[in-house]
Amino acid sequence: MPVDAVWSWLIQRARLEWGQPGGRAGLACAGLAVPMLAGITGRFAAPGSIDRDDAEAEIIAGFLRQVREIDLEPPRLWSRLWSVTVHVGRSWARQQAVAPQAIDLDIDTADACPTITQTPHGHPELVLADAVAEGVITAEAAELIAATRWERRSMTSVAEQLGGSQSHWKVRKQRQRAETKLGPWLATRIESPAPAPDSTGHQTGSSAQVRSTSSGRGPTRTALKGGQQEVRRCA
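To get our numbering, take the position in the sequence shown, counting from 1, and add 25.
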């Protein structure tokens, strides 16, 4: 049975049982989607990070909201469900990037001030979002790059997710065209000087503030290699 048909049936069952005692179809939807949900969460919050629990809660809630609201008409039900859930994660990451940092009132702030670091070009997902917003690539191309480059999904699995309407080679060509467009844009973005700090000491523009984790790792650095982005952690 096609994947979309299974999910359509399961979601319809979940909607019928929603709010009823003993209804488990909604839980079954979340259970079957665990690999997808874990993969999406990992793109925005590393395992063990201080924001991991918040990211998981937000993404699961967004997924269950789509179980109740998504249009079940074909085509590509599963692909649309995945795409909207990724959007939920991306929105959460954007909010975290601009949110004020919480200060623990139980610590001596004179001796242990929270450390603020700058990520020159933001989270990789946010960089792709900027590229989409500026019309460099399409949203579909951004999802394709994220799925195959950062989630390490194969071209075959992505092509199958698209409902068989696209071959492995066609999907690969789509990614190649998108990355060809991204190369010059990313080079210009890196060469551009960083925006000057505003009156609060924060940088304006596309640079995002992030909190350093208790692990003591430095900020994420973004580099170009062959037109592709690689995210590296400083020791």
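Hint data in this document are derived by calculation from the structure and do not stem from the laboratory.
These figures come from a predicted structure and were not determined experimentally.
The beta-carbon is built from N, C-alpha and C at its ideal position, and this holds for glycine as well.
Among the hints, erroneous ones may be present.
To be verified - Listed next, with one range per pair, are the computed distances between beta-carbon atoms: (1) Gly-67 - Pro-46: 42 to 48 Å; (2) Val-109 - Val-31: 35 to 41 Å; (3) Pro-100 - Ala-212: 32 to 38 Å; (4) Gly-47 - Arg-202: 18 to 24 Å; (5) Ala-164 - Trp-34: 36 to 42 Å; (6) His-193 - Glu-94: 31 to 37 Å.
Unchecked claim - Derived SDA-like pairs: lysine to any residue, alpha-carbon spacing no greater than 25 Å straight-line: (7) Lys-195 - Thr-213; (8) Lys-198 - Ala-184; (9) Lys-198 - Ser-217; (10) Lys-195 - Ser-217; (11) Lys-206 - Val-123; (12) Lys-195 - Ala-154; (13) Lys-195 - Val-157; (14) Lys-206 - Ala-164; (15) Lys-195 - Ala-166; (16) Lys-195 - Ile-215; (17) Lys-206 - Ser-217; (18) Lys-195 - Glu-216; (19) Lys-195 - Val-28; (20) Lys-195 - Gln-121.
Hints, one by one, checked against the model:
no. : hint                          : verdict
1   : Gly-67 - Pro-46: 42 to 48 Å   : 34 Å, violated
2   : Val-109 - Val-31: 35 to 41 Å  : 18 Å, violated
3   : Pro-100 - Ala-212: 32 to 38 Å : 37 Å, holds
4   : Gly-47 - Arg-202: 18 to 24 Å  : 50 Å, violated
5   : Ala-164 - Trp-34: 36 to 42 Å  : 28 Å, violated
6   : His-193 - Glu-94: 31 to 37 Å  : 32 Å, holds
7   : Lys-195 - Thr-213             : 28 Å, violated
8   : Lys-198 - Ala-184             : 12 Å, holds
9   : Lys-198 - Ser-217             : 29 Å, violated
10  : Lys-195 - Ser-217             : 34 Å, violated
11  : Lys-206 - Val-123             : 28 Å, violated
12  : Lys-195 - Ala-154             : 23 Å, holds
13  : Lys-195 - Val-157             : 21 Å, holds
14  : Lys-206 - Ala-164             : 13 Å, holds
15  : Lys-195 - Ala-166             : 12 Å, holds
16  : Lys-195 - Ile-215             : 30 Å, violated
17  : Lys-206 - Ser-217             : 18 Å, holds
18  : Lys-195 - Glu-216             : 32 Å, violated
19  : Lys-195 - Val-28              : 21 Å, holds
20  : Lys-195 - Gln-121             : 36 Å, violated
When each numbered hint is compared with the structure, violations occur for hints 1, 2, 4, 5, 7, 9, 10, 11, 16, 18 and 20.
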